[in-house]
Each structure stands twice: as structure tokens, then as C-alpha cells.
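Assemble chain U onto chain X, guided by the hints.
There are 2 protein chains.
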Amino acid sequence: MTELFYCADLRAATVTLSDAEAHHAIHVLRLKLHDAIGLFDGAGTRASAVITAIDRRTVTASVSSSTFTQKPTVGRLTVAASPAKGDRLKWMIEKLTELSVDTYIPLLTERTVVDPRKSKLDKLSANVISAAKQSGQLWLMDVAAPMKLAEMLQVTASSTRYYIAHPYAADAEPTDCPGVFPPDASQNNHVLLIGPEGGFTDAEVQLAINAGATSISLPGTILRIETAAIAFSAILQQSISRRAAGV
Amino acid sequence: MTELFYCADLRAATVTLSDAEAHHAIHVLRLKLHDAIGLFDGAGTRASAVITAIDRRTVTASVSSSTFTQKPTVGRLTVAASPAKGDRLKWMIEKLTELSVDTYIPLLTERTVVDPRKSKLDKLSANVISAAKQSGQLWLMDVAAPMKLAEMLQVTASSTRYYIAHPYAADAEPTDCPGVFPPDASQNNHVLLIGPEGGFTDAEVQLAINAGATSISLPGTILRIETAAIAFSAILQQSISRRAAGV
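These protein sequence lines map, in sequence, to chains X and U. For the first sequence, the numbering used here gives the first residue as 159, with consecutive numbering after it. For the second sequence, the numbering used here gives the first residue as 159, with consecutive numbering after it.
Rather than coming from a laboratory, the hints here were simulated on the basis of the structure. One thing to keep in mind: the hints can contain errors.
Chain copies aren't distinguished; within one or between two, either way the pair holds.
No more than 35 Å apart at the CA atoms, straight line, and that leaves these computed lysine-lysine pairs for DSBU-like [to be verified]:
hint, residue 1, residue 2
1, 190, 243
2, 276, 229
3, 276, 291
4, 190, 306
5, 190, 229
6, 281, 229
7, 281, 190
8, 278, 229
Nothing here was measured: the structure is a model prediction, and the numbers come from that model.
The following block holds chain X by itself, in its conformation from the complex (with noise of 0.2 Å):
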């Protein structure tokens, strides 16, 4: 298997690696004049290459040919989860790439606590291209701006539908949870809401409810912020493609 690099722009001929990624393949995997490489953009192309030129500290690739896929329209998931402390995040990142989910947004609601700054979520993006490059992923997670919770409730598309993860005691009812999937084919988007890790307030639940949100949960337990992303996201992804797939 030849080894995958990231590159932001694949419409030339000739290519030049960012220096993350020269510096991995002249380092870590030591490459050579004339190695094969594989390449990708993280939205949608994937093109094969050969090194053409490379020295210490740069790696530039001839491309021999490329296939662009286009991103399905219909069962995108976005992860609205209040930010989870240091590298809890940042695992979360990768965790939501390798899931293949399309849009990490940090949510504010009332508890939160951790509101990241522009610098500290650019630096994701490093995340969330390892990640995807060892996931295979064709597209990147985007990782959007911080957004409150209200504001986000606003932005009701009729296509979209939203989840709101809330721990109930361990006789709830497990029809709370997502597993039978909304038979509507219109709504193409699915947005999941993890709060804090006080949790949502009863009325920020509400007003998530009256927004038309399906409550969500696993009974018997509490789950932290970034496991009830990723498990969520997991029962979601498995629901959207199996009914992308009509079973």
C-alpha cells in the first residue's frame, strides 16, 4: 500500500507537500526519488504520485492521475458537543474523523466551561487530518466556530433533525434512543447535542425539545462528553448508512 499525504490543493500537475507532511515522509518513512505516493485533499480527491524531487526539507510529486468523489448530499452528521477539557478534545477530534462525521461545533450552553479559543481549534486541524489519513476518509471534518445553544436551534432547516443527548435513570425507556431512524427521507441532516459536563439545563432540554430535538441516551449510565459524542455518533453513522442503503 502505497502511503497517503495531504495536500489542500490537487488541480496541478506538480505538487509540493506541506512541511508536516514532507517531514513525515523524509523522516519517518525515509521516501525516495521515484517512490510512489498517494494523495489527497480532504475533499473528495485522491490522486497517485511520484516523487520528483526531494531533499531535507521539501518533497515535491508528479501526478499521474486522480478521482474526484462527490460528497453525498443526504445523511450528513454534525456533532454539536460542548468542548470536553484538554486532550479530551482533541481526542474527541480524532474520534469524530475516523467516524466520519462532517462538522464538529463546539456548542456553549449554560455549564460550559471551556469555550476555545480560534488558535487552539486551528491547531485541530492537524487532528483531524491524521486522523482522517489513517480513517481513509475522503473528506475532512470541518470544525466550525463556537455556538450557543440557542442560536444553533435557530437554524431549523425542514431537512434537519436534531438529537439531544440526555442521561435518564436506568428504567427509562431505551425508545429514547435513535435506533429506528426517522423514516422521512427529507431530513438529510442530523445534528447531535452533547452538553457539559454539568449537563444541559431542564430548560435548555426544552427548549431543544420544542425545537423538535429527539431526546437520546444509553439507560444506566453516565456518559462524558466526548463518549457520548463518539457513541452517539456511532449509532447514528450506523442508522444513516443503513438507511442510505434501504435496509
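Then chain U, alone, in the frame of chain X:
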């Protein structure tokens, strides 16, 4: 909410907290004499207690009442995953505990490179306890001894169903995903098999399929060990809880 502490044996009227739990009570939470605390033994018992003695190193509490909940014998989930490297294993253990997984077995396969020593596995019990406390579990996840795949598949009780996580091409049938839960109610034990970084060998996949394992995957992505373990555990737990509720 009273703070919850782990105490392996709650049969006595008076209990002494372990060093780690005492440290947390004394130096982190700064609890005092006569403070009310909660206790759990990770085996179904929860108790209310009052601190009757506290100094700089030890905490003794008097149990006022306790409740015992029998662990369900149906819908048990075992995750047999090839150990992830370094912190990823610790992280996986924490997340599987949050997801109410019953048992983790370090799975030894042909391409497994990490074979955790007993001392390392023992250390993971601290992660299990803290995750159980944090997520409100009644039972601690059991961390079992490492086991080889072939050995594992020989223990096929008639009430056990195996699932093998194995990535397919992006155009694979989503029917490979375990969304529709097996309708045979006699299947009380569910065992999720997750391979190492390099994947199961074809022979290993065939071995599992021959032993009756269901092949599962999420289309369009190749998940890391810990991501696959968490994602498929979430999907299975949802199916199991829905099934338990008859929905």
C-alpha cells in the same frame, strides 16, 4: 449529591476506605467527620454511610443503609480487543466501562504486538473504578487475562453470539452492520472481537465466521482499535437495551 466511593467489601457495618479513596476524600474533597458519603462495591451494592473517623490518612464510615441489585444475566457484552498501545488502552478501558461493558479480554491474534503484563492489567483496575464512579455503574467491568483468538472461539456456548469487526470497502453492504439484533432470545452473551492495528488475517476472519461470528463494520472508514471497540460497543449496547425492553 453525596460523593461516591469505591469499597470492595460492604458487608460490615463499619468500613475503611482504601488508600486511594481516602486520599480523594481527605485531600481533594476535604470531607469532615459526620459527612454523608455514598459507597459502591462494584458488584451491585450501593450504600449510604456517614464518616465516623477521619484523620490525615484514613477514613472510616458507618453504613446506614444499602441496596443490592442483581446483575442481569441476559445481554452481557464482552469486548475481546487486541490491546491498543500506551494510553490508548487506558482510554479504551475507561470508555468501555462508561458504556457498561461487562468484560474486557485482551485478545491475542497473529498480528497483535502488545501483550500486556499482568501488572499492567492490574493497574487498569484503577481506571475501571474511576470510570465506574463517574458514570454511575453498579458493576465494575472485569479485566480478564489475555486470550488467544482460537482459544476464545472454542468456548462457544450456545447462548453466545460473536461479532467480528472487520473493515470493508466503502461500497460494502451495510447489512454487515449489527443493527438488526439477532432475534434468538437465548443468546445471552455477546462477544465483540476487535483485531490489532494490522487487522485480523484472512484465516482469522474465516475462523471466526466458521465459529458463527457475525461480521460487522461501519462503511467507508477504518477504525483504530479503541475507536472500533467503543463504536461497536455503543451500537451493540443500544441494540441489547432495546431488545431487553422489547422494542
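- Item | List of violated hint numbers, smallest to largest | 4
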